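S.K.: The lines below spell out each chain.
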Amino acid sequence: MSFLLVQALSGLATAATLFLVSSGLTIVFGVTRIVNFAHGSFYMVGAYAGWSLIERFGGTPAGFWGSVAAAALAMGVLGAAMEIGLLRRLYRSPELFQLLGTFGVVLVVQDLTAWAWGPEDLLGRRAPGLKGSIDILDQPFPLYDLVLIGLGPLVLGLLWLLFNRTRWGTLVRAATQDREMTSALGVDPARLFTGVLFLGCALAGLGGALQVPRESVTLQMDMAIVVEAFVVVVVGGMGSLTGAFLASLLIGQLQAFGILVFPQITLVLVFLFMAVVLVLRPHGLLGRPDEAPPTAPATVTVPLLAGRHAGTWALALLPVLAAAPLVAGDYALILLTEVVILALFAASLHLLIGLGGLVSFGHAAWFGLGAYGSALLVRHLDAPMPLALAGAPVLAGLGALVAGWFCVRRSGLYFAMLTLAFAQIVWSIVFQWYAVTGGDNGILGVWPPGWAAGKATYYWLTLALCGGALWLLYRAAFAPFGYALRAGRDSGLRAESVGIDVRRFQWMAFVLAGAAAGLAGGLYAFAKGSVFPTLLAVPQSVDALVMVLMGGIQTITGPLAGAVVFHLLESEVMSLTDWWRLVLGLIIVALVLVFPKGIVGFLSGIRSRT
Amino acid sequence: MSEALLTVDGLQAWYGRAHILDGIALTVGHGEVVALMGRNGAGKTTTLKAIMGLVERRATTLRFDRRELSALPAHRIARLGVGYVPEDRRIFADLTVEENLEVGRQPPRPGAPSWTPEKLFALFPNLAEMRGRRGTRMSGGEQQMLTLARTLMGNPSLLLLDEPSEGLAPLIVRQMADAVRRLKAEGLSVLLSEQSLSFASAVADRACVIETGRLRWTGTMTELMTDNGVRAAYLAV
Numbered sequence: 001m002s003f004l005l006v007q008a009l010s011g012l013a014t015a016a017t018l019f020l021v022s023s024g025l026t027i028v029f030g031v032t033r034i035v036n037f038a039h040g041s042f043y044m045v046g047a048y049a050g051w052s053l054i055e056r057f058g059g060t061p062a063g064f065w066g067s068v069a070a071a072a073l074a075m076g077v078l079g080a081a082m083e084i085g086l087l088r089r090l091y092r093s094p095e096l097f098q099l100l101g102t103f104g105v106v107l108v109v110q111d112l113t114a115w116a117w118g119p120e121d122l123l124g125r126r127a128p129g130l131k132g133s134i135d136i137l138d139q140p141f142p143l144y145d146l147v148l149i150g151l152g153p154l155v156l157g158l159l160w161l162l163f164n165r166t167r168w169g170t171l172v173r174a175a176t177q178d179r180e181m182t183s184a185l186g187v188d189p190a191r192l193f194t195g196v197l198f199l200g201c202a203l204a205g206l207g208g209a210l211q212v213p214r215e216s217v218t219l220q221m222d223m224a225i226v227v228e229a230f231v232v233v234v235v236g237g238m239g240s241l242t243g244a245f246l247a248s249l250l251i252g253q254l255q256a257f258g259i260l261v262f263p264q265i266t267l268v269l270v271f272l273f274m275a276v277v278l279v280l281r282p283h284g285l286l287g288r289p290d291e292a293p294p295t296a297p298a299t300v301t302v303p304l305l306a307g308r309h310a311g312t313w314a315l316a317l318l319p320v321l322a323a324a325p326l327v328a329g330d331y332a333l334i335l336l337t338e339v340v341i342l343a344l345f346a347a348s349l350h351l352l353i354g355l356g357g358l359v360s361f362g363h364a365a366w367f368g369l370g371a372y373g374s375a376l377l378v379r380h381l382d383a384p385m386p387l388a389l390a391g392a393p394v395l396a397g398l399g400a401l402v403a404g405w406f407c408v409r410r411s412g413l414y415f416a417m418l419t420l421a422f423a424q425i426v427w428s429i430v431f432q433w434y435a436v437t438g439g440d441n442g443i444l445g446v447w448p449p450g451w452a453a454g455k456a457t458y459y460w461l462t463l464a465l466c467g468g469a470l471w472l473l474y475r476a477a478f479a480p481f482g483y484a485l486r487a488g489r490d491s492g493l494r495a496e497s498v499g500i501d502v503r504r505f506q507w508m509a510f511v512l513a514g515a516a517a518g519l520a521g522g523l524y525a526f527a528k529g530s531v532f533p534t535l536l537a538v539p540q541s542v543d544a545l546v547m548v549l550m551g552g553i554q555t556i557t558g559p560l561a562g563a564v565v566f567h568l569l570e571s572e573v574m575s576l577t578d579w580w581r582l583v584l585g586l587i588i589v590a591l592v593l594v595f596p597k598g599i600v601g602f603l604s605g606i607r608s609r610t
Numbered sequence: 001m002s003e004a005l006l007t008v009d010g011l012q013a014w015y016g017r018a019h020i021l022d023g024i025a026l027t028v029g030h031g032e033v034v035a036l037m038g039r040n041g042a043g044k045t046t047t048l049k050a051i052m053g054l055v056e057r058r059a060t061t062l063r064f065d066r067r068e069l070s071a072l073p074a075h076r077i078a079r080l081g082v083g084y085v086p087e088d089r090r091i092f093a094d095l096t097v098e099e100n101l102e103v104g105r106q107p108p109r110p111g112a113p114s115w116t117p118e119k120l121f122a123l124f125p126n127l128a129e130m131r132g133r134r135g136t137r138m139s140g141g142e143q144q145m146l147t148l149a150r151t152l153m154g155n156p157s158l159l160l161l162d163e164p165s166e167g168l169a170p171l172i173v174r175q176m177a178d179a180v181r182r183l184k185a186e187g188l189s190v191l192l193s194e195q196s197l198s199f200a201s202a203v204a205d206r207a208c209v210i211e212t213g214r215l216r217w218t219g220t221m222t223e224l225m226t227d228n229g230v231r232a233a234y235l236a237v
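Protein chains in written order, with UniProt numbering: chain C, 1 to 610; chain A, 1 to 237.
Treat the hints with care, as some may be off.
Said to hold, decoys possible - Partial selection, computed: residues in chain A whose CB lies under 10 Å from chain C: (1) K49; (2) M52; (3) G53; (4) R76; (5) A78; (6) V103.
In short, the hints are calculated from the structure, not lab data.
No experiment lies behind these values; they were computed from the predicted model shown.
C-beta: ideal position from N, C-alpha, C; glycine also.
Kindly generate the complete structure, drawing on both the sequences and the hints.
M.R.: Shown next, in the form of structure tokens:
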């Protein structure tokens with residue numbers, strides 16, 4: 001009994017931190033309609049800054065709490081700077097650009113933090129005056145955690161007062177509902193938004209700095225917390241503070257008790273909880289339908305540039321590509337093989353984004369499932385390569401069939417969040433199911449058999465399979481299936497009213513895209529000879545998004561060009577520096593700000609202008 | 001004669017690629033009520049939005065109180081003393097009546113009548129009884145009153161009033177007309193868009209008639225009421 005009570009209390013302490021971070025995220029979303037991926041970075045840097053300050057001044061209670069407050073304020077200032085430098089230019093962009101742009105900031109901040117504080121985990125000192133523990137029904141419980149438990153409701157109360165009892169709060173709530181009308185009444189929205197980012201990021205920084213006495217400060221804190229905060233915000237209802245509080249409590253308890261019952265799959269539990277809530281209450285626990293983010297179609301100004309040219313080009317390119325082994329060396333062939341695989345991966349994502357208007361943030365799940373499918377068939381069943389390769393799209397397609405049923409129920413940002421959640425589920429299964437997947441160590445020794453071991457043979461095999469899959473995707477785009485998908489993207493309501501079952505087409509597209517990505521993953525596993533959980537992780541999904549974005553969303557050949565450029569950048573530029581995250585992050589931010597139409601869109605823009 | 005409060009010339013406006021306004025010209029004098037008349041889709045609402053800076057626009061002259069507006073964003077225009085009352089009301093539904101008024105509040109402005117919630121509650125007695133009520137729980141007429149009151153909280157000297165009588169019960173329309181006349185008596189200038197000739201003739205001094213984004217006719221309200229040709233060509237449905 002007393003053990004359960006202490007467990008519940010520690011769940012409350014977790015919930016408090018979770019609430020501090022998620023409240024900032026939900027406030028920022030409510031006003032700016034941007035899901036700030038970089039929110040976790042402010043939490044992480046808040047913890048690092050808090051650590052440094054506490055080391056220096058944290059000997060006394062005043063010094064400790066002053067350090068925590070200073071770290072929070074510093075994060076607020078950085079958040080305001082990000083609003084002015086980046087977010088302000090993204091308010092009218094499609095959500096894909098907003099998510100990617102802020103993810104670019106995540107990468108940049110990771111490298112800058114590593115540069116400033118070093119790669120080692122840091123252990124902070126305990127809070128002076130709160131080092132001991134108190135006995136609760138004969139079980140010791142840390143005093144500091146009790147303080148945290150009290151802090152959650154306190155911050156909720158203060159925020160409520162701020163939003164309901166001050167002019168600033170009233171203006172923010174007004175701008176949340178109708179930005180344009182608020183500015184027509186003489187309120188400068190830009191200054192309001194800068195203030196909101198200050199507040200939101202300061203809360204994240206506060207959450208981070210308060211963690212210093214509880215756990216070590218690491219470079220992995222940012223992604224871990226931001227994904228959890230996403231779940232909290234989505235479960236609570238996007239933009240709802242009370243909802244975030246409630247969801248934090250629930251998820252805190254879910255984690256505290258889940259670890260007792262299913263220690264292996266606590267992560268899975270959290271994401272399953274989110275998926276179930278979203279299916280039962282589509283707008284979250286306390287969210288309202290009108291708070292649903294608008295689904296800005298990815299700037300559909302030009303219809304998909306069609307066809308005949310792309311087909312001719314592809315036919316002309318094929319013999320050139322097929323002849324490559326005659327001149328290229330082994331290294332170049334390996335590179336080319338990977339480019340071809342990534343082109344299929346990117347094109348499969350493009351099917352969802354470009355045609356369906358469905359921005360998936362978890363496409364790596366299917367790539368990784370394909371890769372693991374092949375590797376597991378080889379490892380556990382000793383399957384020959386053709387069978388293992390055939391298994392890749394099947395496993396990925398089945399995974400996408402299940403996940404897609406949930407995901408296509410929602411559109412826009414909720415779709416992005418759901419796909420992210422499913423990718424995290426798959427990732428955590430692979431990561432935690434050590435006996436089968438090898439966990440962090442991955443699966444090694446997945447090489448092609450003798451007849452396909454030559455670099456040239458494997459390249460031809462890849463080219464044939466990917467070429468065939470690409471041709472299928474291309475055909476699908478200009479078949480009635482593709483038209484229905486695009487109709488659903490541009491106006492779901494009108495498409496429904498002419499008899500198109502939009503959701504079913506989106507589901508089919510989701511499965512098709514998943515299977516295609518799975519085939520790419522299977523080929524990738526044999527090309528590399530090994531698979532690791534990183535293949536299913538968020539950065540891999542982002543890579544695919546960057547390829548699609550680089551190529552340009554509204555061009556059918558875009559993803560192919562994007563894959564070529566991205567992979568060359570990755571292997572020829574980023575591998576030369578330890579700061580590849582910084583480089584990649586800056587590339588992403590630049591892409592989002594300067595070349596929103598991608599390479600192909602940019603080139604055809606120049607062509608049509610002259 | 002001193003310069004008009006608002007001078008618009010060569011006003012063009014776009015929604016994306018659609019060219020909506022093509023060379024609108026009009027003036028509103030100090031203390032004058034001008035009605036912008038025209039059929040559905042003629043460009044009345046867009047004209048008001050263009051003056052307010054809410055749509056992409058260009059103009060050879062867009063001057064208010066001797067200040068050029070073309071380069072200013074909406075909130076700066078509002079702070080100069082231009083009050084905008086949208087046709088679709090756009091009440092902040094989650095905010096109470098008093099909070100809606102608070103959003104509109106700006107410092108008093110020399111040369112313009114200055115308003116407090118109490119003065120506005122005297123002008124619109126219905127609102128006084130529901131000051132703590134949220135916008136979602138108000139009738140259309142009450143919302144229209146609140147929209148107007150909210151804009152007045154900014155102490156404007158010029159009011160851009162978009163279709164004030166649209167969709168309201170006859171009794172409320174009469175109250176609305178009374179309110180506009182009282183605002184004029186307080187010294188406010190008003191540019192209102194209207195489809196209803198009877199409402200316009202009850203409150204306006206002059207009229208500008210537009211069709212398909214162009215100015216077609218301008219004159220006093222009395223002239224418009226007697227000119228059957230203009231009414232038949234541009235206003236009759």
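S.K.: Please name the hints from earlier in the document that this structure breaks, with their numbers sorted from lowest to highest.
M.R.: The structure conflicts with no hint, since it agrees with every one listed earlier.
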